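Turn these sequences into a full structure, and let the hints guide you.
Protein chains in written order, with my numbering: chain B, 13 to 321; chain H, 1338 to 1641.
For the record, the hints were derived by calculation from the structure and aren't laboratory data. Nothing here was measured: the structure is a model prediction, and the numbers come from that model. Beta carbons: idealized from backbone N, C-alpha and C, even for Gly. Among the hints, a few may not be true.
Residues on chain B that point at chain H, a partial pick, calculated with CB under 7 Å [as the list claims (entries may be wrong)]:
#, residue
1, R53
2, C56
3, D73
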Amino acid sequence: MSRHHAAVRPDPRMNDTSLAPRGGRFEPRIAQRQRTGRLFRGLCLAAVAFGVVSLVVLLIDVTRDGLGVLSLDFLTRYPSRLPARAGIRSAILGSLWMVLLVTVLAFPLGVGAAVYLEEYAPKNWFTRMLQTNIANLAGVPSIVYGILGLAVFVRFLGFGRSVLAGAATLALLTLPVVIIAAQEAIRAVPSSLREASYGLGASRWQTIRHHVLPVAMPGILTGTILALSRAIGETAPLIMIGALTFIAFDPVTPMDSFTVLPIQIFNWTQDARAPFHDLAAGGIVVLLVVLLLMNASAILLRNKYQRKL
Amino acid sequence: MNDTGFSLGARRRLVVQERIIGALLFGCGVVSVLTTIGIVVVLVSQSVGFFAEVSPLEFLTGTRWSPQLVPQSFGILPLLNGTLIIAIGSSLIAIPIGLASAIYLSEYSKPRTRRIIKPILEVLAGIPTVVYGYFGIMFVTPILRTIFPQTGIFNAASAAIVVGIMILPMVSSLSEDALAAVPRSLREAAYGLGATKFEVSTRVVTPAALSGIVASFILAVSRAIGETMAVALAAGATPRLTLNPLESVQTMTAYIVQVSLGDTPYGSLEYRTIFAVGLVLFLITLAMNLLSQRITRRFREVYE
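Here it is, written out as structure tokens:
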């Protein structure tokens, strides 16, 4: 029991008379209580069903709307004013750029920060502040990161409305998630491994590089893939930095302007003309398939290495 | 040359190398602090320019929000009202359904069922918010319009429903974790006293896990407040003081998106509104996240 919640304080539930004897004689009323129990169980089951059914309905609705526009042409054409000619080529390329650059930026920084916090950081106020700060950053709404990216990357550093500005913004957004996942993976490495390495005369970094990181890597990668799959679906921060433009060319350098799948979907959903809504649904199906593949690979990675340890 | 530290020169090089690596890793950790500082500096410095022209009192108590119309007014209450409707509406869905799901998964279902159902529910949180926006407009709104013909094309109810579905797994998963952490002995003691499963679940296990459950509620509401795309698409862009969920409203987040979609010149007073609104949004979500962390830490029942 809790030290702070000792039994001295009278528990308000003690006044609950529903189970207490009525008329001075104890009546278990088992049948009635069992009925209540069954009703409650049914309600809880219905709640679970609500979530699952919502997911199924959402997936069916989107697929039904979007299946008609899916074709190779849809994937390889640029957006167009004519719905019959429109595609998501530039959006796919933009999203690929994002994943690539966000990984390059956020992965080393995130793993580095996690290694610092788990293996190097002294136990003092600064470390505690770092840790609280990371937890809070994970809860900051994504649009606030967009405001930051707009002011710092687009304006102050002069990246303009480029691939680089977008990726830098999304990297900051995913960083806390990567750090927290990497920390958990590193913490799960048994300390006997570290001590054996130190015992053989290895330095701290040698121990981390050759023993801690290899063991923690599957966990780190799983967390990173999940964080990246969140970044792929992000729309608001990229709209903030001005990525909602008509892009009918391939972004080839990090300084080019760009669009991404979620923004293209947003743009088409927002359009008042119905044919564009099917294009939006088609884009959603592509986006969901990409996310499904990423999540599946993360789960497979986890399962494969979980059994090993 | 080896790096096992046998020769003095190699030893010294190793020490220097260790120092450099330590400093680099420290630098990685500091990036997150710089991010927070960056957010605060950007929001506050731009808001200062805004509040030099608009009094904070007018901003916080004004009942009309029309920075892009003449006459301009900068009362944030309509935006707060929109955000509140979405937050309350989505909580009405996510909190009871999420908690009931958590109780089912933790107390009633077989471990195998839980292992399958919990990740399926979590998929709901992984679906991009723009997809929920599409679902809100194309699926939920038409249903609402069939039931209530006076429903607007853009309405708060459809946005609240899809946001509620989106934050549902946050409540169900985090609450389930809290319920599952309640020791078996508590349940068995209650069974030993003749309680039914319903009584054990609702009067022993749920109260014992209450801090974790409440923390999950707060996190979910905070997520709903910060939610942008689903709301911008489904709830519309009409800042108004209303409690009618069938009307179009505008949230703080949707307003910020609207400005950045338009061609308001950077640096103008209209443009600065997004920093002032962003500051309010940031402070509200930060307060809720801190509160949830505090509840988890302070009120956790420590068993054993």
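Open item on the list: Hint validation: B:D73 versus chain H, beta carbon distance must be below 7 Å. Holds or violated?
Closed with: This hint holds: B:D73 lies near chain H, its Cβ roughly 5 Å from the closest one there, short of 7 Å.
Task: Hint check, B:R53 versus chain H [nearest Cβ-Cβ separation less than 7 Å] - done: holds (6 Å)
Task: Per-residue hint verdict: B:C56, partner chain H, C-beta under 7 Å - done: Holds. Min distance 4 Å.
Checked against the numbered hints listed earlier, the structure breaks none of them; every hint is satisfied.
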